[in-house]
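Peer 1: The listed protein sequences derive, respectively, from chains A and B.
Taken in order, the first sequence gives residues 41 to 131; the numbers are from this note's numbering.
Taken in order, the second sequence gives residues 1188 to 1598; the numbers are from this note's numbering.
Derived by calculation from the structure, the hints in this document are not laboratory data.
Backbone N, C-alpha and C fix where the C-beta goes; we use that ideal spot for every residue, glycine too.
Wrong hints could be hidden among the right ones.
[Claimed, not checked] Simulated pairs of lysine to aspartate or glutamate, EDC-like, Cα-Cα distance not exceeding 20 Å:
1) K1243(B) <-> E59(A)
2) K65(A) <-> D1232(B)
3) K131(A) <-> D1232(B)
4) K1362(B) <-> E1296(B)
[Stated by the list, open to error] Some chain A residues flagged as far from chain B (calculated, every beta-carbon gap over 10 Å):
5) S75
6) S82
7) K95
8) Q127
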Amino acid sequence: MKCLLLLVLLPVTAVAADEGQFRLKEGAGRNLVESNCAVCHSLDYIQMNSPFLDKKGWEATLSKMVNAMGAPIPKDDVPLIVEYLNQQYGK
Amino acid sequence: MNRRNFLKGVSGGLVLGGASLALPRMPLAMPVSMGPSALPAGTLDASFLDALPGKKPLIKRTFRPPNYETPVAYFNDLYTPNDAFFVRYHIVNIPEVAAESWKLRIGGEALQKPMELSLDDLKRDFERVELPALCMCAGNRRGLFQPHVPGIEWGNGAMGNARWVGVRLRDVLNKAGVRKEALEVVFDGADSGIAAYKTPDFVKSLPMWKALDENTLIAFEMNGAPLPHWNGFPARLVVPGWAATYWVKQLMSIDVIAKPFEGFWMKPAYRIPIGKFPNVDRFITQETAVNTPITDTVVNSLITNIEEGQRFRPGQPVEVKGVAWDGGYGIRTVEVSVDEGQSWRPATLGQDVGRFSWRQWSYRFKPARRGKVTVMAKASNRIGQTQTAELILNPAGYHHNLIQKAAIQVG
């Protein structure tokens, strides 16, 4: 039991540090997502909300972030961000 | 699946199951499940135990703003320890507030005598009230909605039961003098969004009747100690029976106003469709033709001591423990079924410490056969409401109060 406990707990403590250790999946548009979204919230919000949103769902999320929450995302970046989110974290 | 997640999977299924009976009072001496397997895969993958300053390791759902869930094993106790109490924030700037310099501003156009109160003023000038009450996020169990809806994908742990000590909001408002045109009371905490982007500040309002309810408190103690920073130090609102979205933390101002408050976190956020839920409490000045702010919590229960798939030996008695709660009418019965809902037997209820607290319950049985047995739990309250057999879908994933199920393996 004790060995098993150690085995299971070690990796947990190893990752329990800060949000900087969380990495989004590789893919076209990742830098854009990181630079736009991480201004206001940690990027684990994206993985947490996956994989159940389709393209429309991610569009609605972007729209909420820009229109309700005030995210300063350049208009031209929005479709690229949606594309990344749908490709990497879509359903 | 990477190595870490594989190990988390093991911890949820096997290790906790074996250890939980042997070590009931040491919930975190053992590995902890990241939540029910029905949570979105990405949620389980991004979650792990992490400790905020001053807190025990909790289930990290998001870092910034911090959203941390209490592991269910803590709910085997009547009161949830302060350092294990869940943390929920909407916006990123969360300042440390110093008790010595803190001043609570009371104002608004529908108040006669605006005033400022220090923590000492609150403690000295008003009657001290203690109240056990469940604080539960409106979105608790959002992650269990099928189909999934976006938001913080909580499992069962965005709640906690505590003994709150503070003063009645009513006493404070009456001292300041409420004008007859008063319609709502508005509460703002110290947290703020990023000013440059105009992120909506987290501000909430209550209808006058709820603000003046004798059980609505400005609380400065929790379980016999000052509030933890992450739970609202130095003072927060306690709105018993209502969703925790109204329990504004790090309270800075209270305004009594003569028109409905308009703010993102009242409208369109935290809304439920009109007529879908059996809620009694209404917030009429905020209602629209189609929706209403969430108000009182629906009747609900949770099995707290059994992990999904936990194994029991044939002939070994199974003790099922849990908690049940509602919006403040009080729990009348908790019934348990071990035959897929064909027959229900009453559980034994624990001590009644007040109608806004959750109620502990337990049920003991000997499984009649080997194989998979589903333990089901269903709470009913004193006004005859009971848990639902079919999930009531709503856009934001509130009021998940399905009859609870836990599958165990006998033999």
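Peer 1: Decide, hint by hint, whether the structure agrees.
Peer 2: Quick rundown of the hints versus the structure:
1. K1243(B) <-> E59(A): Since the Cα atoms of K1243(B) and E59(A) sit roughly 18 Å apart, the hinted pair holds (cutoff 20 Å).
2. K65(A) <-> D1232(B): 13 Å, holds
3. K131(A) <-> D1232(B): With Cα atoms ~15 Å apart, K131(A) and D1232(B) stay inside 20 Å; holds.
4. K1362(B) <-> E1296(B): 15 Å, holds
5. S75: 14 Å, holds
6. S82: Label violated. Min Cβ-Cβ 4 Å, cutoff 10 Å.
7. K95: Label holds. Min Cβ-Cβ 14 Å, cutoff 10 Å.
8. Q127: Non-interface label stands for Q127(A): nearest chain B Cβ at 14 Å, farther than 10 Å.
In summary, the one numbered hint that this structure violates is 6.
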